[in-house]
Structure formats: C-alpha cells, structure tokens
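Trainee: Sequence:
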Amino acid sequence: MTELSKAGSRMVEFRRIEFRMPPRTLRTDGTPRRVGVEIEFMGPSARIAAAALAAGLGGRLAEEDPHAFQLEGTALGDIRVELDLRAAHPQRRAPVPSAGQGAGQGAGPGLPVRAAGRSLAALLGPVVPREVITGPLAFDRLPEVDRLAALLHGAGGRGRGAVLLGSLGLHFNVEPPDLDAATLTGLLRAYLRREPELRKATAAGGFLAARGLPPPFPAAYVAQVLDPGYRPDLDALARDYLAANPTRHRGLDLLPLLAHRDEAGVRAALPPDEKVSPRPVLHYRMPQAHVGLAGWSLAPAWNLWVGVEELAEAERSQAARPGPA
7 MTELSKAGSR MVEFRRIEFR MPPRTLRTDG TPRRVGVEIE FMGPSARIAA
57 AALAAGLGGR LAEEDPHAFQ LEGTALGDIR VELDLRAAHP QRRAPVPSAG
107 QGAGQGAGPG LPVRAAGRSL AALLGPVVPR EVITGPLAFD RLPEVDRLAA
157 LLHGAGGRGR GAVLLGSLGL HFNVEPPDLD AATLTGLLRA YLRREPELRK
207 ATAAGGFLAA RGLPPPFPAA YVAQVLDPGY RPDLDALARD YLAANPTRHR
257 GLDLLPLLAH RDEAGVRAAL PPDEKVSPRP VLHYRMPQAH VGLAGWSLAP
307 AWNLWVGVEE LAEAERSQAA RPGPA
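Residues are numbered in the working numbering as their position in the sequence shown, beginning at 1, plus a constant of 6.
No wet-lab data here; the hints were simulated from the structure. Treat each hint with caution, since some may be false.
[To be verified] Taking CB as the label site, the calculated pair distances span:
(1) A226 <-> R30: 27 to 37 Å
(2) P132 <-> Y236: 38 to 48 Å
(3) P277 <-> K206: 26 to 36 Å
(4) Q230 <-> A326: 15 to 25 Å
(5) P29 <-> P132: 42 to 52 Å
(6) A325 <-> G83: 35 to 45 Å
(7) T189 <-> G271: 34 to 44 Å
(8) A216 <-> A81: 15 to 25 Å
(9) P132 <-> A68: 39 to 49 Å
(10) R30 <-> P277: 45 to 55 Å
[Stated by the list, open to error] Result set (DMTMM-like, lysine to aspartate or glutamate): computed pairs, CA atoms no more than 20 Å apart in a straight line:
(11) K281 <-> E269
(12) K206 <-> D186
(13) K281 <-> D90
(14) K281 <-> E44
(15) K281 <-> D146
Where a beta carbon is used, it is the ideal one built from N, C-alpha and C, also for glycine.
Input sequences plus hints: build the corresponding full structure.
Mentor: Laid out in structure tokens, this is it:
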C-alpha cells in the first residue's frame with residue numbers, strides 16, 4: 007500500500023503511478039474542487055528557475071523583487087517563484103502609518119530596509135529553499151505539475167526531501183468539499199487516524215527526512231478529536247484547534263482556513279511573528295519534495311492524502327446509515 011519505500015542506498019524510490027481522485031471531487035455547490043501546490047527545492051536562483059518555467063510553460067515573467075517572480079498566463083495558470091525567506095521581500099510588509107500620516111504616505115519599506123533584505127538574501131540564499139507556488143488547479147491537472155517539477159530538475163533543481171536546516175516541503179492547499187463543521191471535523195479526524203502512517207511513509211527517505219517532519223499533533227488534542235462524542239460547531243472547532251496548535255507547523259495546518267473565517271481571532275491566538283495566509287483550504291504540509299530525483303512525481307504523496315479523504319468519506323457514510331430498529 008505504501009507508495010514511498012526505502013531502498014538499500016537510503017534513497018527514496020518513487021514508482022510511477024496514477025494520480026487518484028478523492029471520493030468527492032465537487033463542492034456542495036456543484037463546482038469542481040481545486041488544489042494549489044507548493045514545491046520547495048535547492049539549486050538555481052528564483053530568477054533562473056522562473057525563467058526555466060517560463061520557457062517550458064509559457065507566460066509573461068514579471069519581477070517583484072530580485073528574489074521573487076510572478077509568471078502570468080502559463081499553461082498552468084499564474085505561478086510564483088521566490089526565495090522562501092520573508093526578509094528577502096520587505097516590500098510585502100505593510101508599514102504602520104505614524105500619527106497624522108495618510109494611508110498613502112510612507113508606503114513600502116525604506117531604502118535601508120530593502121538593502122538589508124537584499125544583503126540577507128544574498129548571504130542566506132545558498133542554504134534557504136526556493137519555492138514554486140501554483141494557483142488553484144482542478145484535481146485532474148495535477149499530472150501537469152509533474153512537468154513543472156521536471157522543468158525545475160532540468161534547470162538544476164536539487165533536493166531529496168530535506169536539507170540540514172529542515173524539510174523541503176511539497177504542500178497541497180486542498181479545497182474541502184464544504185466549509186461546514188461536520189465536513190472539516192471529519193477530515194481532521196481521518197487525518198489524525200492516519201498521521202502515524204503518513205509520518206512513517208514520509209520519513210522513509212532517511213534521517214534528514216524524519217528530522218524535517220512537522221511536529222505531530224499533541225496527544226491530548228488527538229484524543230479530544232477522536233472521541234466519538236466530539237461534534238463541535240465552527241466556533242468550538244477553531245477554539246479547540248488554536249488552543250492546542252498555535253502554530254502552522256503541523257502536518258495538516260488549519261490556520262489558513264480558520265483565518266479565512268475569522269482572521270482577527272486567529273491572529274490574536276498566535277505569536278506575533280506566526281505566518282498565516284487566510285484562504286479556504288486545508289494546508290496539507292506533511293509531504294516532502296524531491297526535485298533532485300529525475301522522474302519524481304507528486305502522485306505518491308497526493309494519493310496518501312486521497313486515502314485520508316477516503317477514510318473520512320467512509321466514516322461519514324457509516325454515520326449516515328440508520329441504526330438497527
């Protein structure tokens with residue numbers, strides 16, 4: 007069943023398999039569900055990687071800063087390529103106007119801040135991952151992201167799951183079938199049941215891969231959610247999650263989804279420097295990227311997530327069956 011296996015050379019072996027579809031491919035409003043993909047890698051600069059993707063996928067290349075590029079109108083839609091270091095992109099940090107200063111005054115960081123960001127990026131660039139971020143894609147377009155990964159590999163992309171400083175993430179931003187409490191709790195519960203298996207599969211790459219895994223959910227929180235009587239409404243689900251997990255560093259990160267519903271409430275529960283991007287998705291961040299392996303596919307990691315959704319759907323169907331008379 008496991009699609010990630012450990013070879014004798016401690017290298018992860020990826021078998022060519024098909025991308026499976028989850029049981030529910032439509033949202034409750036009848037529109038197709040979508041998924042965004044984030045791939046981290048080492049090697050070429052963001053500029054070189056973006057140029058390679060533009061050559062292979064088309065589109066117009068726009069520079070946001072020396073370490074962040076936007077590809078617009080590619081065969082896979084809009085794509086962002088950047089150094090995964092917030093300090094390298096100081097223009098994204100909105101300044102707080104001083105008293106008497108209008109909203110349009112003082113926009114953007116000053117020259118010293120930008121210069122410091124460039125210097126830090128130049129210093130840390132060799133050891134900080136680069137990241138490719140796609141927009142939302144229909145599930146059946148995921149095989150095309152394999153082509154994107156192949157283009158990165160061809161441009162000199164490196165990485166086999168993790169580096170000394172941590173994981174090289176392969177993250178899926180999955181739109182759930184519904185944003186109601188029952189659906190979200192069911193998916194979270196299924197994930198928690200499968201988390202040990204998912205961690206074992208991802209850690210098959212060896213010591214660095216295992217060390218790069220996000221921390222598991224606290225045992226007390228797992229017990230709370232897996233209790234058959236746990237049926238929270240959205241407010242309780244958010245409150246319980248934030249109390250136990252005031253961090254994005256979980257294999258299944260619900261902060262973006264919870265912040266989409268109540269950004270102020272989520273930010274108030276988090277440390278000031280915690281990174282959150284509100285959006286109505288499940289941020290599945292357990293998998294690791296292996297751009298350095300020729301022929302690497304996202305399919306094994308994606309299919310493990312589909313297994314989570316299959317379990318959630320099986321439990322939902324069982325709960326909907328009428329009990330014995």
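Trainee: Are the Cα atoms of K281 and D90 separated by 20 Å or less?
Mentor: At roughly 12 Å apart (the allowed maximum being 20 Å), D90 and K281 satisfy the hint.
Trainee: Keeping to a limit of 20 Å between CA atoms, is the pair of K206 and D186 held or broken?
Mentor: Violated, because 30 Å separates the two Cα atoms, which is more than 20 Å.
Trainee: So does A216 sit 15 to 25 Å from A81, Cβ to Cβ?
Mentor: violated (36 Å)
Trainee: Taking 39 to 49 Å as the hint, is the beta-carbon distance of P132 and A68 inside that range?
Mentor: Because 25 Å falls outside the window, the suggested range is violated.
Trainee: Assuming the hint says 35 to 45 Å, is it satisfied by the Cβ distance from A325 to G83 or not?
Mentor: holds (37 Å)
Trainee: Run the distance test for K281 versus E269: straight-line Cα separation, threshold 20 Å.
Mentor: Roughly 12 Å between the alpha carbons, so the hint for K281 and E269 holds.
Trainee: Using the beta carbons of R30 and P277, state whether their distance is inside 45 to 55 Å or not.
Mentor: The hint (45 to 55 Å, Cβ to Cβ) is violated, given that R30 and P277 are roughly 35 Å apart.
Trainee: That 26 to 36 Å hint for P277 and K206 (C-beta), does it hold up?
Mentor: holds (30 Å)
Trainee: Hinted pair, alpha-carbon criterion (20 Å max): K281, E44. Please report holds or violated.
Mentor: holds (15 Å)
Trainee: Can you let me know if the beta-carbon spacing of A226 and R30 is within 27 to 37 Å?
Mentor: holds (30 Å)
Trainee: Given the hinted pair K281 and D146, is their alpha-carbon gap at most 20 Å?
Mentor: violated (30 Å)
Trainee: Within 15 to 25 Å or not, the Cβ separation of Q230 and A326?
Mentor: holds (23 Å)
Comparing the model with each earlier hint shows violations of hints 7, 8, 9, 10, 12, 15; every other hint is respected.
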